[in-house]
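> Sequence:
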Amino acid sequence: MSWIEDVKQELDELDTSRKALGKFGILMGCILVGLAVFLSWRGRYSPLCSYISGSVGILLLVLAAAVPQALRIPYKVWMMVAFVMGWLVSRTLLMLIFYAVLTPVALTARLLKKRFLDIRFKDGSDSYWLRRDAGKRVDYEKMY
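Residue numbers (the working numbering): 43 to 186.
Just so you know, these hints were derived from the structure itself, not from any lab. Keep in mind that a hint or two might mislead.
Stated by the list, open to error - So the derived label-pair ranges between C-beta atoms look like this:
| id | residue 1 | residue 2 | range |
| --- | --- | --- | --- |
| 1 | Val123 | Phe80 | 19 to 29 Å |
| 2 | Cys72 | Ile115 | 13 to 23 Å |
| 3 | Lys156 | Lys61 | 51 to 61 Å |
| 4 | Val147 | Leu69 | 36 to 46 Å |
Ideal Cβ placement from N, Cα and C applies to all residues, glycine included.
Model the full structure from these sequences, guided by the hints.
Listed below in structure tokens is the structure:
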């Protein structure tokens, strides 16, 4: 599947109930208000940044308390960005782990002629399947 289909599927399965939208509004509102307090406390940043952050945070808190359904579109946009970032980060980490860990282990094992599974073809055949005697009955009820 492509990343667009993966993100679309995640968005289709997204919980947009009143409770989930309220949680989103409260969480993001608190984070933005906290950011505004931090920016104004530090004083090195433009006061406009803290005003914008605080205003958006308070707006989100008010909407979460009064009309959580109004947060449906911002929530979907936010989650779409989160799903795209998650898709990219997971594939990047898997690729890094594969090439940084598994590839050197495989190359070292090949150089040292180490076989981890010890699988060899039996009787000169070109398959791992074993022939079963036609007259021998196999009992799968008691395998152990």
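> Go ahead and decide if the range 36 to 46 Å is satisfied by the Cβ distance of Val147 to Leu69.
42 Å Cβ-Cβ, so the 36 to 46 Å window holds.
> Evaluate the given range 51 to 61 Å for the C-beta pair formed by Lys156 and Lys61.
The hinted range 51 to 61 Å holds for Lys156 and Lys61, with Cβ atoms some 55 Å apart.
> Between Cys72 and Ile115, does the beta-carbon spacing fit 13 to 23 Å?
Since the Cβ atoms of Cys72 and Ile115 sit about 20 Å apart, the hinted range of 13 to 23 Å holds.
> Could you check the hint for me, namely that Val123 and Phe80 are 19 to 29 Å apart, CB to CB?
holds, 22 Å
Hint compliance for this structure: no hint is broken.
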